[in-house]
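The listed protein sequences correspond, in order, to chains A and B.
With our numbering as the guide, the letters of the first sequence map in order to residues 1 to 221.
With our numbering as the guide, the letters of the second sequence map in order to residues 1001 to 1402.
Any given hint might turn out to be false.
Unchecked claim - A few chain B residues that face chain A, going by a derived Cβ cut-off under 7 Å, partial list only:
#1 Ile1005
#2 Arg1006
#3 Ile1007
#4 Lys1013
#5 Asn1014
#6 Glu1299
#7 Leu1302
#8 Ala1305
#9 Gly1307
#10 Ala1308
#11 Arg1309
#12 Lys1310
#13 His1312
#14 Glu1393
#15 Pro1394
#16 Tyr1395
Honestly, the hints are just simulated from the structure, not real lab data.
Remember, predicted model here, so these are calculated numbers, not experimental data.
Ideal Cβ positions, reconstructed from N, Cα and C, are used throughout, including at glycine.
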Amino acid sequence: MIEIKDLTKTYTVGGQVSKVVDHVSFKLAKGEIVSIIGHSGSGKTTLLSLIGGLTKPDSGSVIIGGKDIWAMDDAGLSGFRNRMLSFIFQFSSLIPTLTAFENVVLPAAFGDYKEEITGYAKELLDTVGLGDKMNSFPSQLSGGQQRRIAIARAFINRPEIILADEPTGDLDEETEAEIMALFKNMNREREVTFLLVTHSSELAGQAGRQLRMSSGLVSAA
Amino acid sequence: MGKRIRIFSIAVKNLRRKIIRTVLLLLAVTVVTAALFSATLFISSMQNALKIGTYRLGADVLVVPEKYATEARAALLAGEPTSFYMDRAVLEKAKRVEGVKAATPQLFIKPASFTCCYNVDVFLIAFEPETDFTITPWLEKNLKKKLTGNEIIAGRTVPVLVGDSIPFYGTLFNVVGTMEPTGMKFFDQSVFMTMDAAYAMAASSKENAMQPITIERNKISAVLIKVQDGFTPERVAIRLEHDIDGIKAIASEEVINTVRRQLGGLMKGILAISVVLWVLALLMLGFAFYMIVNERQRELGLLRAMGARKGHIFRLIVLEAILISVSGGIAGLIGGSALLLGFKGLIISSFKLPYLLPPVPVLMELVAGAVLFSLMTGLIASLIPATLASSLEPYEAIRKGE
Ligand SMILES: Nc1ncnc2c1ncn2[C@@H]1O[C@H](COP(=O)(O)OP(=O)(O)OP(=O)(O)O)[C@@H](O)[C@H]1O
Ligand SMILES: [Mg+2]
Chain A
1 MIEIKDLTKT YTVGGQVSKV VDHVSFKLAK GEIVSIIGHS GSGKTTLLSL
51 IGGLTKPDSG SVIIGGKDIW AMDDAGLSGF RNRMLSFIFQ FSSLIPTLTA
101 FENVVLPAAF GDYKEEITGY AKELLDTVGL GDKMNSFPSQ LSGGQQRRIA
151 IARAFINRPE IILADEPTGD LDEETEAEIM ALFKNMNRER EVTFLLVTHS
201 SELAGQAGRQ LRMSSGLVSA A
Chain B
1001 MGKRIRIFSI AVKNLRRKII RTVLLLLAVT VVTAALFSAT LFISSMQNAL
1051 KIGTYRLGAD VLVVPEKYAT EARAALLAGE PTSFYMDRAV LEKAKRVEGV
1101 KAATPQLFIK PASFTCCYNV DVFLIAFEPE TDFTITPWLE KNLKKKLTGN
1151 EIIAGRTVPV LVGDSIPFYG TLFNVVGTME PTGMKFFDQS VFMTMDAAYA
1201 MAASSKENAM QPITIERNKI SAVLIKVQDG FTPERVAIRL EHDIDGIKAI
1251 ASEEVINTVR RQLGGLMKGI LAISVVLWVL ALLMLGFAFY MIVNERQREL
1301 GLLRAMGARK GHIFRLIVLE AILISVSGGI AGLIGGSALL LGFKGLIISS
1351 FKLPYLLPPV PVLMELVAGA VLFSLMTGLI ASLIPATLAS SLEPYEAIRK
1401 GE
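Next comes chain B alone, as it looks inside the complex (with noise of 0.2 Å):
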């Protein structure tokens, strides 16, 4: 059978006719579905970051010894950091208080400079890999396994690769993963070891090191919890310092709903914009197909006369008003991922947030919702026009054409 003509390449013909028109159209749904798109990704990306929990979110309440809570808190938000010790026997305690969940130690080392390639500072956070719950959240992305002996991770900035072996006041440890970047440079710049790990490194350091270091076993820096359920935060931290003499517990709830309160505002502006220029996209698209229906009276007459059912005119103007929108909305899709790739750092940098892409199903869903609504603003745009091109009178619309 030889080749036959399709309503599809009817449609695709004529869209090539007015190719200018068609390209302009097609633009108009880019723009929103990439704003769109890039809105709810970033949105959602965001979210997602908010679930796994960063480092300072991940904990419901730090606790710091007293006399260092302006630096811890200094260091946390704006990531200066330092470090600071206190007793070991605060986190059995902390352990003890009412509406505490989880308790793990971390060690904060002071910055130390490594220099067999490169001379930079790095801070080194040393954590308890069978209690913790904050980082490991971060690691098992990356590294899919528990962190042992000299075993080491660095944080995005730290200008390592997997597989070195770099000198930490005289130990030699074993770079076995880095970390996606989170948003914090206290975290970014930062090198996660073991507790174990860190006290060795410690007591060694008198004989290795040049610039030796303290750290006795039963010290640590700050111990992070998590509250049960029914508890606010707030409300076990105020617990834990009356409970525990010489410390200092700060909520972290207060900067969690900082942080949702930004998106919230934010999340509202960029629908609200949305909203409105798809709005705008659609009354330019389905009055660009009113006006093409017009112009195209006579012809669509005649198709009519042909045999043409008015299922088959309506099926002609929505196909050439979704072919336009899809291929906008895959336009879309891709400037849109391109503009979030393109600004990821200022993002990373203006929230101080960490910022992780959601899993692979959720952006199948994202991506498959971007190519959904695109179709449906063809679809939307054109169903009036269609309607109007399908109950045109034969004659009528062959006589006006003319």
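Next up, chain A with everything else stripped away, as it sits in the complex (with noise of 0.2 Å):
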């Protein structure tokens, strides 16, 4: 269960402040699938890298599972993103020196993983239909076939929320249906809570429950 207080983000560009997220409150619970639309500009990924810890709000708290993450240290912090939540990004995030394989496999280097690694990635490797690329580098694939390695990498540690912006943004329909499929079975079989980040009305139609973005504030859709 996620629960989001009061969240605030400004920032401040050649004097002008703006609340790029303007006083955010809302709640998610285990296994829900939420999706929020809005304009570009509208805070959308700024909101989402302060749930998932990776800016620090202005005021505010996220708290999952009790606990609020902007009052962990850098460690609690960083097993949090390890271990609990994935980030699914609009723009490409693979690491440029690592094959498919390595890339999906690479949180395990920053984290205690003892349960079986190679496996699961090559399993998902096929479930996002690249299990053929698993040496090729990022540079060697598409911008669709890296958005899925990147799909594939945010469920290698099997956690509990994944937070994905535009994660079917450069994908065809078909290809856009099977990763839903796939989001839809994670969240069916083991309970994985999403946040969806998506202009794609096709996409926030299947959430559960949709929110609006606009100039910072959330509103139910």
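Put the complex together from the two separate chains, hints included.
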């Protein structure tokens, strides 16, 4: 269960103060799929970063599993990102020096992974339809393929929460449907909670609940 | 369990990605380490040589016949050997002079050519193994036993091999060892034998040799003296000349001091240059890593998003720098050694000093020191960039790199 309380983030650019996330509060139940839609620049990515512990809010709190993540130290917060939560970024997020497979298992380099990783990584690559691209480098993959590798990586740590920023942005309708099926499957089988930012009304429509973001404010859609 | 990715392999892959930059940075460390290592090794070799004591430096005072003072000086400093003799009584008198701790006689026998296989002129130096303190340290290093009977040791440039038998003045001698190069022509072109062997050789030369030689048993060429603690060689030399008639006493301190001064100046020069080089390499490496961190911000931010702690990022950057600097350091060690080896001859001839590698433990220390030094170079150079990298806010880093 995720509780976002009064979250605020402002940026000052050239003396101009803009409230990118403006006193946002909402709750996500465990196993919920919630979508966020909103215009470009409305603060969606910033909001996800605040929830995922990537940027510090000016005020407010993000409480996950009863703990305020912004009250944790670096090791605690990093461990939380490593084991509890995964990001799917809006833009390419693979490490160029590593192969597709290595990118997928990368999170294990930063945490205590006792479970089997290799087989699971292959399984995930198969699931996103790239089992045969294991040894390809990002530069040898298309944008959509890179995106699918990033999606496979997001599941390697068996997270409880996935924060996905336009996860199907550069995928065709068919692949988008497959990815959505994967999300739903993970949601059903493991009760993974999803917070999806999307422009796609198709994807947004499949969420259990929709939020709308506008000028830093979040409201029910 | 499968092949997991480790921070180490991420670092190696990053270095391989920009291989030219990596090699250039590595070479910078190589040059500095090579310079520092060869300089330190050179200086410690020189100090080692001074410590062991060469023939001319091993004795504090050299006593020779007064008439031959100039020749003796020339022989010892310029390596132009001549022979001269005086009464053995000088030795006994010298031993009684105040400040003399030990005295040992030597015989210098004029160049003898031997024509068994080559025609070469060598200088014969005879010493008394029981009292000697100047040649024995050299022999011990090479022979590990005392010289007896008709055994000889050949200087570096005498063209003979261990096991050869060569005749001098009609007597056959067995070569039982050869010397390390000492840096003195005089020494390197000499053959060393015991005083007893030399007297016997001279005695039998009348029957056996075409050009006989006369050296009476009561003649010696020089007395080498070690002074007691608390006495300066100069003072003892003055005393010797005062107490014994017809001799000239040459104090070696002057020679040693000159060499020491030369070495000291050289060391300061090399040190100054090395420090400058090092600072430059440090700045270069530091700046390069600052840029590396800058251009990889997005990647580093992504690693943080995947759960990398600040410490992981710090380690990754420092590791990359250390990998470069330690490889550079090892290359520098090899390069520096090659440099010294290549110029060994030149060093020996220009310093007129024996060139002895320091003992193995000291050598190991130097090698370990060089590796540690290169490691520290990488560590220090990457400290600031690594700190910057690890303190980036993940979201900012990811955005900025976009
Ligand atoms: N580090 C920053 N410094 C200054 N302004 C920022 C910073 N990060 C975000 N902003 C501003 O905050 C606003 C929201 O950005 P954000 O990336 O959250 O939008 P978004 O809703 O994800 O847009 P899009 O749909 O285009 O991805 C933008 O106007 C952006 O310029
Ligand atoms: Mg965005």
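Checking each numbered hint in turn, tell me which of them this model violates, lowest number first. The structure conflicts with no hint, since it agrees with every one listed earlier.
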